[in-house]
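Number of protein chains: 2
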Amino acid sequence: MEQTSFPPMSRVAICGGTHGNELTGVYVVREMQKQKVDKLGSASVTAVLANPRATDVCRRYIEKDLNRCFTDALLRSPITDSTPYELRRAQELNAQLGPKGSEEAVDLLIDLHNTTANMGLCLIFYSLDWITLHIYKYIQSKMTNVPVRAIQLDVPMSDAYSLESVGKHGFAIEVGPQPNGVLRADIFNAVKSAVDLTLTWLQEFSSGCTFEGGEVEAYTFAKHVDYPRDPAGEITAAVHPELQDKDFKLLRSGDPVFLMFSGETVTHEGEELYPFFVNECAYYEKNIAFQLARRTTFTLPSICLGN
Amino acid sequence: MEQTSFPPMSRVAICGGTHGNELTGVYVVREMQKQKVDKLGSASVTAVLANPRATDVCRRYIEKDLNRCFTDALLRSPITDSTPYELRRAQELNAQLGPKGSEEAVDLLIDLHNTTANMGLCLIFYSLDWITLHIYKYIQSKMTNVPVRAIQLDVPMSDAYSLESVGKHGFAIEVGPQPNGVLRADIFNAVKSAVDLTLTWLQEFSSGCTFEGGEVEAYTFAKHVDYPRDPAGEITAAVHPELQDKDFKLLRSGDPVFLMFSGETVTHEGEELYPFFVNECAYYEKNIAFQLARRTTFTLPSICLGN
Chain U
1 MEQTSFPPMS RVAICGGTHG NELTGVYVVR EMQKQKVDKL GSASVTAVLA NPRATDVCRR
61 YIEKDLNRCF TDALLRSPIT DSTPYELRRA QELNAQLGPK GSEEAVDLLI DLHNTTANMG
121 LCLIFYSLDW ITLHIYKYIQ SKMTNVPVRA IQLDVPMSDA YSLESVGKHG FAIEVGPQPN
181 GVLRADIFNA VKSAVDLTLT WLQEFSSGCT FEGGEVEAYT FAKHVDYPRD PAGEITAAVH
241 PELQDKDFKL LRSGDPVFLM FSGETVTHEG EELYPFFVNE CAYYEKNIAF QLARRTTFTL
301 PSICLGN
Chain D
1 MEQTSFPPMS RVAICGGTHG NELTGVYVVR EMQKQKVDKL GSASVTAVLA NPRATDVCRR
61 YIEKDLNRCF TDALLRSPIT DSTPYELRRA QELNAQLGPK GSEEAVDLLI DLHNTTANMG
121 LCLIFYSLDW ITLHIYKYIQ SKMTNVPVRA IQLDVPMSDA YSLESVGKHG FAIEVGPQPN
181 GVLRADIFNA VKSAVDLTLT WLQEFSSGCT FEGGEVEAYT FAKHVDYPRD PAGEITAAVH
241 PELQDKDFKL LRSGDPVFLM FSGETVTHEG EELYPFFVNE CAYYEKNIAF QLARRTTFTL
301 PSICLGN
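Same order as they appear, the protein sequences are chains U and D.
Taken in order, the first sequence gives residues 1 to 307; the numbers are from the UniProt record's numbering.
Taken in order, the second sequence gives residues 1 to 307; the numbers are from the UniProt record's numbering.
In short, the hints are calculated from the structure, not lab data.
Note: identical chains are not told apart, hence a pair may lie in one copy or across any two.
Below, in silico cross-link-like pairs of lysine-lysine (BS3-like), each with a Cα-Cα straight-line distance of 27 Å or less:
no. : residue 1 : residue 2
1   : Lys-34    : Lys-192
2   : Lys-34    : Lys-286
3   : Lys-246   : Lys-192
4   : Lys-168   : Lys-64
5   : Lys-192   : Lys-168
All chains, please: the whole structure from these sequences, using the hints.
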């Protein structure tokens, strides 16, 4: 594959607290603000607490999930007296860090998240993007104490609903397991390392380094699975102990997925797929017990700075 | 030690959802209600969802922590328009299951809780009580897949603030680690086993079995430790990775307890004590990073049914 060149990356945003009860991002961003981190060589770095009101009360959101507000349609919707706080905040963030899809948008936007699922450290991204896949490859090669994986969502950019879609390049860093409202030192350190490695990669890229191509693996979203429920909508089972904490372990036909409160086991049927977001707290209300993915290998070109 | 006899236990209450985001108790109680469990030999069993409004919105509480509302003073306080929901609910529960300290109170009240700390299964009780210590000894002897411990709080009964103090005998079952808002099958099964073993013990007691005396160990509360904080009250450290998940592992002078965001380690100084509730989510707002206890051995008399 040929070497591909990319223009300079001069503006970077590190965001946390998009969900106010996911504390790693809240404290990484606050520490960056306290340390007044704002420069990286010739590039500017901005640390942003995305949902300060939800952070103050340690909840995911006040009125509406902020990280579902960044579609083109919602970013363009008129503000009225009844507009939820998070939609106003999304439009503010889009004005500050975007506008999404424009030349004025920050070059790289990283949004820091936690999950209650045993997912290790995952980079979540929308479309294929050589810059972000190279950063992923770099982080994966340098971090040894936590598994580093990538998840690709299959959503067109106009429908991309989360904050990182506002940058020219962007990804979420999703790390777990950590309960909402709890800060674990091991996970704080892992996320801080991933952010520091990203900034180091950008410095090396800006100083003219070439990053060799190669192969990376990513998990591409296939489908959601909901909990078994009774006619009133109440769940009637928990994730099976053999699936709990087994994110990214291939699920084969016949493997247990739910343990009914009545004692029976429900098994997976059909295509072999990789589970992730297994028993994520915030997804009970979204009717998702776990998600399933296919594993794909991507071949990357070498990249370097160009114009 | 002599054999001690106790009057029959004819009314039992199993409560859950006192904290609406601690899901094990919510689902164990709902399942008992669905299965219409209401009899145990000649005894009555009542399954009670203690804080239904907080459970509906999956929060610890709506206005005030329900499990701090059962002191004599609060149970006697007059209800006005500005009385918080949870204090009204505490007085309702006291009328239904108590009144606390009276002959009409249920004989045994068990309240089901979860913690984000790695505490296994703990029975938490106020004063020394041969009945509850015998139930603890019985559960501990039968459960092999999870550590079973007892914690004694040093609070006089009039100031006892939590729901289980309403029963003639009572304890909380506190199980973790489980994130708030998440239901784990392994923890659901452990709590269900502990409840079933308690009911089996009661049946054996009612049918005239003598329970042999012996020794049990319990952890008696010594003190709280708060997070390091800056002048604005913001935490400036996380629980150290060497203490995280190490509940009930003896903490010696010089052992790490906090990792400052700036990188330094804070150590434990002074008396050797046993940590518990290490990094419990709900205790951030109560200014508690972990609690410390002494380990004590109690010698129990044999007990049997009397009048």
